[in-house]
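> Chain by chain, the residues:
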Amino acid sequence: MKSAAFTHHSPKTLQEALVLLGQCENAKVLAGGQSLMPMMNYRLVGVDHLIDINGIDELNSITQGAGFIEFGSMVRQYTIAQSDLIRERLPLMYEAIQYVGHMQTRNRGTLGGSLCHFDPSAEMALVAYSYDAELVVRNARGSRILSMSDFGRDFMTTALESDDLLIAVRIPLWPKDHGYSFVEFARRHGDFAIVSVATLMTLDPQGLMDRVSIHLGGVGATPQKLLDIEQELLGQKPSHDLFVKVAEVLSSLDALSDKLYPSWYRARLAQSLVVRSLALAHERCSTSDQVKHH
Amino acid sequence: MAIEYDHSVGHEPRVIGARSPRVEDPSLLKGQGCFLDDIQLPGTLHAAFVRSPHAHAHMVSIDATQALKLPGVHAVYTAKELESVLVKLRMPLGFPTTALPQNITPFVLCPKEVCFVGEAVAVVVATSRHIAEDAAELIAVEYEPLPMVHDCRQALEANAPAVRLESPSNELNHFKVAYGDVDAAFSQAHRVVQASLSTHRGAAHPIEGRGVMADFSVRSELTVWSSTQMSHDLRQMLCELLGLNEDRVRVIAPDVGGGFGCKFLVYPEEIAIAACAKLLGQPVKWVEDRSEHFVSAIQEREQFWDVEMALGPQAEILGIRGQMLHDQGAYTPQGINCPYNAATGVTGPYKVGAYHLEVSVVQTNKVPTIPVRGAGYPEAAFVMERLLDLASVELGIGREQIRARNLVSKAQMPYEKQIKNRAGAPIILDSGDYLHCQEMVLKHIDFEGFKARQLAAKGQGRYIGLGFAHGVKGTGRGPFESGTVKVSPAGLVSVYTGALAMGQGLKTALAQICAEQLGVSASDVEVVCGDTRFVTMGLGGFASRQTVTAGSSVHLAAIQVRKKALKVASQILEASEDDLELWDGFVKVKGTDKQLSLGDISRKLRGVPGYALPLGVEAGLEYSEHWQTEVLAYSHSFHACEVEVDVQTGGVKLLRYVASQDSGKLINPMIVEGQLHGGITHGIGNALFEFMGYDEQAQPFTTTFADYLLPTATEIPDFEILFHESPAPFNPLGVKGVGESGTVPVVATIFSAIDDALRDWNIHLKHAPVSPVKLLEEILNQETVS
Amino acid sequence: MSSNPVKTIAFNLNGQNVQEDIQSRLNLADFLRQQCHLTGTHVGCEHGVCGACTVLVEGRAVRACLMLAVQVDQKNVITVEGITPERGLSILQESFWSEHGLQCGFCTPGVLISLTQLLKDHASPSPEQIRDVLSGHLCRCTGYQNMVKACMVAAKRMRDEPSNALAPVLHEVKDGH
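Protein chains in written order, with the numbering used here: chain A, 1 to 294; chain B, 1 to 786; chain C, 1 to 177.
To be clear, the hints were calculated from the coordinates, so they are not data collected in a lab.
There could be a bad hint or two in this list.
Claimed, not checked - Facing chain C, a subset of chain A residues (Cβ under 7 angstroms, in silico):
1. Met1
2. Ser3
3. Gly33
4. Met37
5. Met103
6. Asn107
7. Ala186
8. His189
A virtual CB, placed ideally from N, CA and C, is assigned to each residue, including glycine.
Take the sequences, apply the hints, and build the full model.
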């Protein structure tokens with residue numbers, strides 16, 4: 001399983017990379033390589049030019065702004081997994097990253113690479129939807145900002161054009177005592193999630209849910225916002241019975257189907273995992289300990 | 001025929017039975033192992049195979065023009081070109097027998113009708129594997145698809161397409177295993193339980209795939225290195241197919257990175273590569289990649305059973321009858337011992353009054369089948385243990401009780417069954433104490449206290465279960481294995497054997513056996529396996545046989561070497577043999593400092609012209625033995641495990657796993673534990689994870705490690721192993737094999753535990769593996785029903 | 001089809017500075033084995049699951065089959081040969097030997113590399129942490145249990161003998177990107 005031949009480019013600056021992307025035909029960006037290289041070894045993708053952006057330092061940083069944290073697209077997954085800042089301020093992301101592959105793949109895998117590859121089960125994509133992240137995309141002609149829901153288009157397809165590069169991911173912060181949970185079901189530890197759920201919530205001073213973000217991964221070509229459920233929950237007092245009731249509708253979800261995991265199974269999983277996710281997020285609202293995770 | 005354990009060393013075993021660190025390890029730990037692809041000869045060319053993307057098709061044309069133009073490509077060969085150096089294009093049958101029809105084996109390269117996805121039709125040889133694969137993509141093969149058969153049940157339907165046009169029927173073979181009056185048993189039965197059961201295809205997946213390198217360039221001698229479990233058979237087939245004299249062919253097995261059955265076969269690729277080497281006059285190497293392993297290395301475990309069990313008023317098993325379909329795949333490269341083992345293995349450790357099983361070995365357009373670790377015994381145990389669990393529910397008696405009532409007892413051994421093995425001799429359970437092991441394990445896992453734990457868990461909304469099962473495995477298959485022990489004039493002790501190492505610590509075990517007799521330490525014994533230059537004959541590593549067979553041969557040979565050394569030393573040192581002891585490479589007169597080194601004795605026995613050898617002794621301090629056996633030594637396992645089932649997701653977690661193992665005398669308990677850890681893990685794969693999927697076009701769809709799941713460290717509990725040693729009566733060491741034993745009862749054990757966790761749903765799992773999807777489906781179906 | 005140009009890379013391999021010309025598509029595992037003649041790193045699946053090819057790049061355990069050789073230019077690479085002392089075995093290797101942590105030895109070098117990173121980051125890993133790291137490796141022989149034991153034994157010995165802990169080369173490596 002040896003890759004076919006290609007020309008390898010290792011731009012040292014962002015500008016260089018953008019010029020190359022604009023000029024090269026049949027080019028692909030090489031970030032962490034954990035998704036692209038297997039496909040190249042299997043010769044499932046034919047690539048003439050590999051634009052290797054691992055040498056571009058300006059894509060590596062994590063910066064804190066007013067009400068958000070911005071990640072360079074090449075921030076490695078292991079950096080996220082070891083970051084105290086993320087554990088405290090973006091605990092959903094911190095919890096989710098523990099499910100992403102294995103230590104060995106997180107050592108190379110990147111946040112941006114995962115978002116651009118856009119596998120329906122990708123944990124980071126689900127997290128980006130949950131936070132309503134903003135993505136900074138650039139090409140040789142200029143820069144633009146996309147919301148995550150505009151970025152993700154279809155099955156493993158994003159809004160990126162062939163000469164675009166994802167530069168940064170901006171994640172808005174939730175209030176310090178928000179509840180969160182990332183729950184998934186996979187066959188083995190580190191495997192792709194069959195279904196995953198990401199929940200963020202806050203309670204008002206009366207203990208009623210005043211803000212809820214709940215998204216489902218693995219059931220559709222893109223992560224799905226459970227808008228109806230979110231709205232049903234607003235203004236309500238959280239309880240297990242309420243969670244069970246709002247999740248019932250998911251049992252008839254028209255979910256993705258493949259030879260191993262049929263639609264009805266994903267729908268059932270979605271129903272069960274949403275209840276668990278809501279319960280866990282609520283539990284974390286009630287305590288101010290943000291460090292709790294699985 | 002029972003042989004007493006030899007205590008000729010005059011003391012309790014010093015080396016045998018010790019948890020000796022393995023002699024294999026230091027170089028492997030440093031990354032200095034020598035696996036097939038580590039061997040780099042100058043001028044080596046690299047091969048890639050072109051494989052059929054169709055499950056069944058005629059090859060209409062093959063055009064390699066573009067491929068041959070690529071710089072670095074030396075050749076593209078199809079069946080036509082290879083025929084010029086092959087005696088015949090068709091592989092010989094692995095285990096020759098007249099009981100099977102002709103024309104059932106694979107071709108070295110398929111000439112026209114491809115019969116499974118992955119079947120090789122051409123080989124490209126180039127300066128690198130990269131270029132060979134580039135060239136393979138440029139080869140244009142035109143196929144005319146033919147109708148295919150994806151399932152062995154479909155294969156037997158009235159208007160089913162032919163799996164292979166040359167085959168008169170999709171049913172390759174039909175046989176029955178029977179004894180006693182099974183009709184009477186059922187007509188008299190107090191109760192009858194019935195089940196339709198199945199196990200699914202899986203593969204061996206050693207982490208090192210197959211590989212072979214052939215070099216014909218030196219003095220028209222052929223040297224072949226292969227990651228194989230059978231060097232002598234490989235040599236024999238190379239000779240047969242290339243028309244060569246045995247003395248001009250040498251096969252060497254380097255370090256082998258696991259076999260598990262898939263390397264216990266001579267493959268078309270091995271012959272093809274040797275043929276390429278002959279045609280090109282340069283060394284040619286082929287290293288299987290993982291995608292190839294998925295579509296061309298043998299697979300096993302696909303069987304469908306419809307069986308029923310007749311029970312008497314005391315829950316005694318009056319009879320078992322039914323039928324079994326075995327999926328053989330498109331070709332039969334070796335024989336049908338796997339369905340035979342399964343069919344004859346059902347009664348296992350139990351007494352069964354009468355038995356009748358009709359077996360249909362059925363061809364399909366899928367990868368050929370030969371045994372993977374377990375070789376039919378796991379399927380047999382699965383069937384028997386599932387029937388017993390069903391019977392226990394039906395009769396309202398405990399699962400442990402119904403087993404206890406039917407187990408062959410220690411007092412009844414050796415217990416001759418009425419079932420014959422394939423050589424026509426009866427199956428004999430030689431030794432063991434099955435009931436004791438059952439009680440020992442159930443006590444260890446606190447089976448008695450489990451009901452209370454289960455209830456407490458339920459109160460917390462958790463569903464836990466405890467299951468258990470027996471398994472026996474015939475080990476030590478003969479007819480023989482070679483063992484030579486030699487001491488050089490420099491005093492180096494060497495063991496040569498036709499047995500093969502593939503990670504199971506064979507060298508350490510044989511070194512220990514030899515060292516015990518010669519009074520040296522195991523690390524001082526050099527063991528050479530799997531090289532046809534050193535040993536004329538051998539059968540190789542399969543069926544958990546080598547400790548018994550090679551071990552016995554090495555043991556007996558070492559005893560002869562010891563006796564000879566003592567005899568010679570007694571003459572030279574002028575002492576009685578009773579006053580001599582062997583220690584640390586020397587024969588010493590007890591209580592004095594008179595001694596003679598083994599090396600000196602060896603030199604003496606090499607002879608000096610004009611001088612006689614010591615009286616009554618033959619030349620050479622060496623001995624070869626081919627210890628023979630017609631019977632199997634039956635190892636026994638009893639496993640118990642606790643599981644937790646998530647009834648909302650269908651997920652299963654293994655909480656605790658206890659296993660007893662009786663493999664007779666243990667040469668190295670540490671190595672035996674390791675074999676069990678690996679075997680049980682493989683069984684867990686068969687129970688919960690490993691599903692080699694083929695769709696309705698017989699296209700494989702689980703062809704990466706992301707889809708075909710092997711158990712990983714986070715899914716496996718710590719195994720608690722309890723040993724029981726019932727010395728095997730029919731070999732001089734009293735040993736039994738263990739390599740496959742760990743796999744045998746696992747699926748049954750885990751299914752029993754899951755059923756137990758889900759008693760409220762009245763579930764009886766019948767199909768392995770059970771995925772979370774299937775389990776949730778069962779749960780929801782039962783909820784609908786009730 | 002595009003051309004297959006050759007690049008020159010300079011990097012540090014097991015403590016030695018090395019310069020090599022390589023084809024762009026050659027992956028790191030094949031490069032180490034075929035061009036550097038370090039065959040201790042093994043190839044088991046070529047799609048990043050089995051872990052037999054694991055090596056340390058800038059002190060981090062990575063799948064060499066998913067990296068291109070050109071990507072280690074100016075970087076620090078350590079293979080199983082690099083965590084082996086000149087004479088004898090390291091503490092980790094000795095522990096694997098005494099605890100029967102290997103059988104066929106094919107997955108072993110990759111496992112040793114991953115555990116080397118673990119033990120560098122955590123002096124007292126728990127069995128759960130060890131299993132978490134091992135979950136990135138496939139072993140068909142051992143059932144992983146003795147590997148966990150071996151790692152616990154090694155960790156304890158390293159805490160007791162800190163100067164002996166890891167092969168000398170590793171001390172020089174800083175966490176990179």
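> Hints first: check each against the structure and report whether it holds.
For each hint, the structure was consulted:
1. Met1: The hint holds - A/Met1 has a Cβ within 7 angstroms of chain C, the shortest such distance being about 4 angstroms.
2. Ser3: With Cβ-Cβ at 5 angstroms, under 7 angstroms, it holds.
3. Gly33: Holds - the Cβ of A/Gly33 comes within 7 angstroms of chain C, reaching about 5 angstroms at its closest.
4. Met37: Result: holds, 4 angstroms to nearest chain C Cβ.
5. Met103: holds (5 angstroms)
6. Asn107: holds (4 angstroms)
7. Ala186: violated (11 angstroms)
8. His189: This hint holds: A/His189 lies near chain C, its Cβ roughly 5 angstroms from the closest one there, short of 7 angstroms.
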